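Protein chains in written order, with my numbering: chain A, 3 to 344; chain B, -17 to 322.
Where hints are given, some of them may not hold.
Below, in silico cross-link-like pairs of lysine-lysine (DSS-like), each with a Cα-Cα straight-line distance of 30 Å or less [to be verified]:
hint, chain 1, residue 1, chain 2, residue 2
1, A, Lys173, B, Lys(-1)
2, B, Lys197, B, Lys231
3, A, Lys174, B, Lys178
4, B, Lys(-1), B, Lys178
5, B, Lys14, A, Lys174
Hints were generated in silico from the structure; no laboratory data involved. What you are looking at is a predicted structure, and each value in this text was computed from that prediction instead of being measured.
Here is what each chain is made of, one letter per residue.
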Amino acid sequence: MNSTVLTSDELNQETLSRLYQAMLKIRLAEEKIAEIYPSDKIQSPIHLCIGQEAISAGVCLALGPQDHIYGTYRGHGLYIARGGNLRKLFAELYGKDTGCTRGKGGSMHVVAPEVGLMGCSAIVASTIPVATGDALASALQGRVRVVASVFGDGAVDEGVFFESVNFAVLKKLPILYICENNNYAVHSRVSDRHKQTELSRYGESLGLEGKRFEGNDAWVVYLAVKGAVEKIRSGGEPMLLEFTTYRIYEHVGPGRDHQELYREHEKLDDALKNDPLLKIKSALAKKFGVTEESFGNWDKNFRKEVDEAVDFAEQSPFPESSGLHDDLYKERNGYHDLWPGA
Amino acid sequence: MTYGQALNSALTVAMEKDPSVFVMGIGVDDHKAIFGSTRGLVERFGRERVFDTPIAEGAMTGVAIGAALAGMKPVHIHIRADFLYLAMDQLLNLAAKWNYMFGGQMSVPMVVCSVVGRGWGQGAQHSQSLQSFFMHVPGIKVVMPTTPYDAKGMLLSSIFDPNPVVMIEHRLLYDITGEVPEGYYEFPFRKTVVRKEGNDLTLVANSYMVVECLKAAEYLEEQGISVEIVDPVSLVPLDEETILNSVRKTGKLLIADMGWTTCGVSAEIAALVAEKAFDALKSPIRRMGNEHVPCPVSKPLEKAFYPEAKKIVTVVCEMLGCDVPQGEIPVLATKFKGPF
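Construct the entire structure; sequences and hints are all you get.
The structure is reproduced here in structure tokens:
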């Protein structure tokens, strides 16, 4: 495990607080989603990232406002950490017209292009090449942004991962590949799918530098991503950062399946002790003297924000069924009627 | 100007007009230049905007999608349409769905060009025409230009359309010549072209099949049979009215598509006419397409596999209840002699 970070930033209270708050907001929002789910008000397959929040928080805080992110069906964390509108998220889960895709995408396709979250896809690894193409565009446009492609450990099983990495390295594109290794592709362990289980080494023969980090430490994630992004932004090669983590909830759905045989129970026990929120909370308390009252206020404020988002979702209208065909194609502007015989 | 030159002209005009247009694909920068359609583009626009790719159709399609999302207008060329099967996930799960699935916030202005092969032993994997696959899935536009005029105008409309477009070209069309205006013009989507007017029967055909049908029609004309040839250049979106109006006029419909008939474009058009102009039909709809096997290599087998002018003449005569002419039925002359 490579726990040395890429930059030498001092631990600072402001960033640490922001990381904690981002994680807390994700945790509270997702716990609320899990709580509501059995009521059937949310009819969209939910893939919760509880236990993995440090990666979403660290990645999103380390990127610049102009940068783009592509994610997966387990995308609530990125959406929230990046600053996506919480009301629109809940409205989307409820299938409401006020949702972030107006009820077209649901939980697996959350998106917030206004803050650079460009898309999330349910087909494993499928946004890796798309993110790579966004980075190609950035390169053609004058290296105006860095693109972060975030995916799970299952994605490195797919061919497009290697194809994309090869192209990115070949063209020296401004892209950062981020693998959230929670050890399970649905219920299948990394070691059941790969002889080489150190996923950060997957691009090695293609010329991709990879590093593995503790992914439940938001500060480690933040520094690793920040360092890599700075390097890439100033003309450096693409990189792959692997963050090890653990999914506390089931692959899909609102419950925990800790009793199931696919779980490696030792890792589960460690993960429950190694909660990313507790880790940063403890650092904030011990190093910076943040009080229980402050933590309590954050908790209270986010719970309020989540409750308001739920109310908003509940009160929002469903889309009209007459809108079923809307947005299949985009209408064109400009260059009209240039064909003389039309 | 040839069809290949017309495509070349479209790319040149588009790249001059808009710096966000770029061309990628296996072999676009080599000495063969995709049968001439990309000739001279590297010299003119540089290697950043005209580049060869790794042989990775899946990811490279995703790369085009991502570039399109981020403000570029990629043209991704496949010298053989068969390789598009490798790109299906990206094309159908992502490109086709991105605008809709994300509530109309981001569209994917990309063009995928693909060339279909035929004859001289192209075989099972160098001969497939995939229009029905793309037509089946909502969110992708599908066009099949037939003439050099169509080719240039349709490629320009496709490049400047904000949606993903799959353009299916035919290798045998690359050498045909026709009038092509200079500069910028467009061939509109949702346009079906009547290639030849006639009264006895409607022949719906696309791309290279139009050429075979024109040859058949010329021969039939000499026998006193007048067929109307209707070419849905834009399959998605489809101009249904021109097809329906022709059937309403003739009362008889034969569809000759470049793909297999089963669940194919011919099936779709037959269903369209059955649903919307059944009362106009004087006899059952007939369809022609590839025989339902992979394309074979050996000449007699290959000949049996494809629909061509002779077979079209025979079916038309059967449908009209007249004797199949005994004389020599023309076989289309083509410059193409292989290997590729």
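To see whether the hints hold, each was checked on the structure:
With a C-alpha separation of about 25 Å, the suggested pair Lys173/A and Lys(-1)/B falls inside the 30 Å cut-off, and the hint holds. With a CA separation close to 22 Å, the supplied pair Lys197/B and Lys231/B stays within the 30 Å bound. Of the supplied pair hints, the one linking Lys174/A and Lys178/B is violated, its CA atoms being roughly 53 Å apart against a limit of 30 Å. Between the alpha carbons of Lys(-1)/B and Lys178/B the distance comes to roughly 34 Å, so the proposed pair goes past 30 Å and is violated.
Of the pairs offered as hints, the one joining Lys14/B and Lys174/A holds, with about 27 Å between alpha carbons and a cut-off of 30 Å not exceeded.
Figure legend: structure checked against the earlier numbered hints; hints not met, in rising order: 3 and 4.
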